[in-house]
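Peer 1: Each chain, written out:
2 protein chains.
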Amino acid sequence: MKIIENGTVTSPIGFFGAGAHVGIKKEKKDLALIYSQVDAKAVGTFTQNIVKAAPVLWDKMIVENYDHARVVAINSGVANACTGDEGLICNEQFAKSVADCFNVEKEEVLICSTGVIGKQLPMDKIITGIPKVKQLLSDNQEAGVIVAQSIMTTDTMPKHLAVEIEIDNKIVTLGACCKGSGMIHPNMATMLGFITTDCNISKALLNKALKEVIQDTFNMVSVDRDTSTNDTVLLLANGLADNKEIVDENEDYNTFKEALYYVNEYLAKAIAGDGEGATKLLEIQVLGANSIKQAKVIAKSVCTSPLVKTAVYGNDANWGRLLCAMGYSGEEFNPYDVDLSIESEFGCLQLVTKGMATDYDEQIATKILSSSEVKAIINLHNGECKATAWGCDLTYDYIKINADYRS
Amino acid sequence: MKIIENGTVTSPIGFFGAGAHVGIKKEKKDLALIYSQVDAKAVGTFTQNIVKAAPVLWDKMIVENYDHARVVAINSGVANACTGDEGLICNEQFAKSVADCFNVEKEEVLICSTGVIGKQLPMDKIITGIPKVKQLLSDNQEAGVIVAQSIMTTDTMPKHLAVEIEIDNKIVTLGACCKGSGMIHPNMATMLGFITTDCNISKALLNKALKEVIQDTFNMVSVDRDTSTNDTVLLLANGLADNKEIVDENEDYNTFKEALYYVNEYLAKAIAGDGEGATKLLEIQVLGANSIKQAKVIAKSVCTSPLVKTAVYGNDANWGRLLCAMGYSGEEFNPYDVDLSIESEFGCLQLVTKGMATDYDEQIATKILSSSEVKAIINLHNGECKATAWGCDLTYDYIKINADYRS
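From first to last, the protein sequence lines are chains A and B.
Following this note's numbering from start to finish, the first sequence increments by one per residue and tops out at 407.
Following this note's numbering from start to finish, the second sequence increments by one per residue and tops out at 407.
If we strip away everything but chain A, and leave its shape as in the complex, we get:
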């Protein structure tokens, strides 16, 4: 697998991107388009929140009932959630306007929205904006980066990548972008993520690969334990790499799935590391669990504890808070079997052996925690299963960003 430097959703053959400011937000880019030159099989995963935004309901209907899609249109600034029937009508009008502009059916258009909950979409700005953004479409790298920029809300940086693999002697490319960075605790999907590929693969396997990979990547990220109303990951495959269609779970499928995993994990970690106000990416590895579920539940419990997150922000090796968060996770384990280490670019240090403190040096622990990427490795000595969760520290800036988000 080869990483494409500065790669993005426009890296695979036949995918075009564009983004611009059309007036939904004050001044930042707020409308983006991803366009496939030919029909692309489309699959997706969506929020499990009971309160689902209008575009989530639309996209779910499309990927479950239609073979393919051509365009993804994304606005930032307004989430079109809790907007009732009017929200549904606006969303469909949004899809129809894009479809008309591209001369395709509205059922070939996927819509994503992100921003404030409870406000209606400013349809006039969107309708006049669509042709302007369409004119900017390009398949070059810059256009793909602009897509990643246009979907940002409180993100501090665009998040995108692309990788190349070889399947059936053909170069197959996967490109992707996503946005965070608050209300992030995905359940079957995350805020907004878009993955394009020119791979030729059956829709059933495309769907299977995405669903499986999501469980260990986006679904293991949490910024603030708030599962959003708009979580969506879309994966489009247009087949233009011209490989023989993948229709079995063979080696080609595994190669594709591995690349998809890499892309998803990269984006998931990027979202956690750029969580609202975050100064650090926090990775919690749980080993020696008696089931994957046990490992995941404990990893997530530690990763989402406000007291763990503030201790990490303060470079404070307050390991008791990690054990405490493990203890209230709901999973059974023996605290006096637990080993715990921390690790970063500055070294590795065992803090806990069999549930109790080692004679570790606090200064060394503080140094290790002062990195911008910090791992805690927990061994339950209770089995062979493991899981990893990603999160971030909880800081003054999280409060600042969220105490007055709407003004």
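Calculated from the structure, these hints are not laboratory results.
All of these numbers come straight from a predicted model, not from anything done at the bench.
One should not assume that every hint holds.
Heads up, the list lumps identical chains together, so a pair's fine if it works in one copy or across two of them.
[Unchecked claim] Once the Cα atoms are required to be at most 35 Å apart in a straight line, the calculated DSBU-like pairs of lysine-lysine come out as:
hint	residue 1	residue 2
1	K2	K211
2	K119	K244
3	K400	K25
4	K400	K106
5	K367	K28
6	K52	K293
7	K367	K26
8	K2	K203
9	K26	K203
10	K119	K52
11	K132	K119
12	K244	K26
13	K96	K119
14	K96	K400
15	K293	K119
16	K375	K244
Using the hints provided, position chain B relative to the given structure of chain A.
Peer 2: Here is chain B on its own, set in the frame of chain A:
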């Protein structure tokens, strides 16, 4: 029921209190005693965290196996959690030292600890401290207030009260104190709470009353969703009010239970309002639920959402975050049936009707939210059940307190 001004654990007949600095913490009071002149029936509720502190295991054993207690000894500064066999031995030594000093059995002594997890108790300071604190014992009000002060960690104020009721033509008094204020998300109990009463009541009914009342009071409080390793509420009844023993669930029992409920709710709200860094008490009422469980789960989900808590801090009526937190609670409901109002000393305002924004005035909403006690009232229009949860806002000071708690 009569509220006793500045009442506390020494208000009921025959209860004595004392507290002092014995060197566990740098300079603040860190050791307290509550003593009953005669045998007191003792019941308790304890943390459900798998990781249980040594004193929790001890007290649980005592209230389950012994008829009565005489002394409660409480230290702050060190939690005696994650301390292994040495922690258990220290705890028993603590109980034995208190017992020797009072000339009672160690099984008549209940122990509570609160503070840093993972450190051993400084036994020398505790053992030399016990007789010094015992000398200060008094049944006056001031002594009871000192108990409330001595158990504080990050609390900004002592929390205590007492009430009088009449049972069997006798005056019966209940006194209580507790401490918060971080790692607060009680599950069957809260951090530390102590209730004394001179009521004459059977142990079985004393236990039943406490367990039932806890469900709707302490167990509905959350500061940070972190269920502590040390949560304990103890209730001691010494019978000195001389009423005929309550042995049936009759009117007297109900009078007692009502007073107990009042005391518990008062303390629960005091803990929430004095949550670490909090500027506001947040009360979430859920009405019209199809079960009490549904009402409780939704109320707690809203009350613990970081995004709700930061919006409340910012006086921002960002109601979409409340609906979002309801939606990921795990309970089924129809978002388009939901009504939502906010209320405080500055008025009441309906923000949401049938899941969508009313045409409310943001300035009025901000004014209502600027109070130090804010309520949100959610009606699911889905049944007749209701529940209330208490929490607080999430502020810069929560981060400040917790980023470097141990130094």
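Peer 1: Which hint numbers doesn't this structure obey?
Peer 2: Per hint list: 2, 4, 9, 12, 14 and 16 violated.
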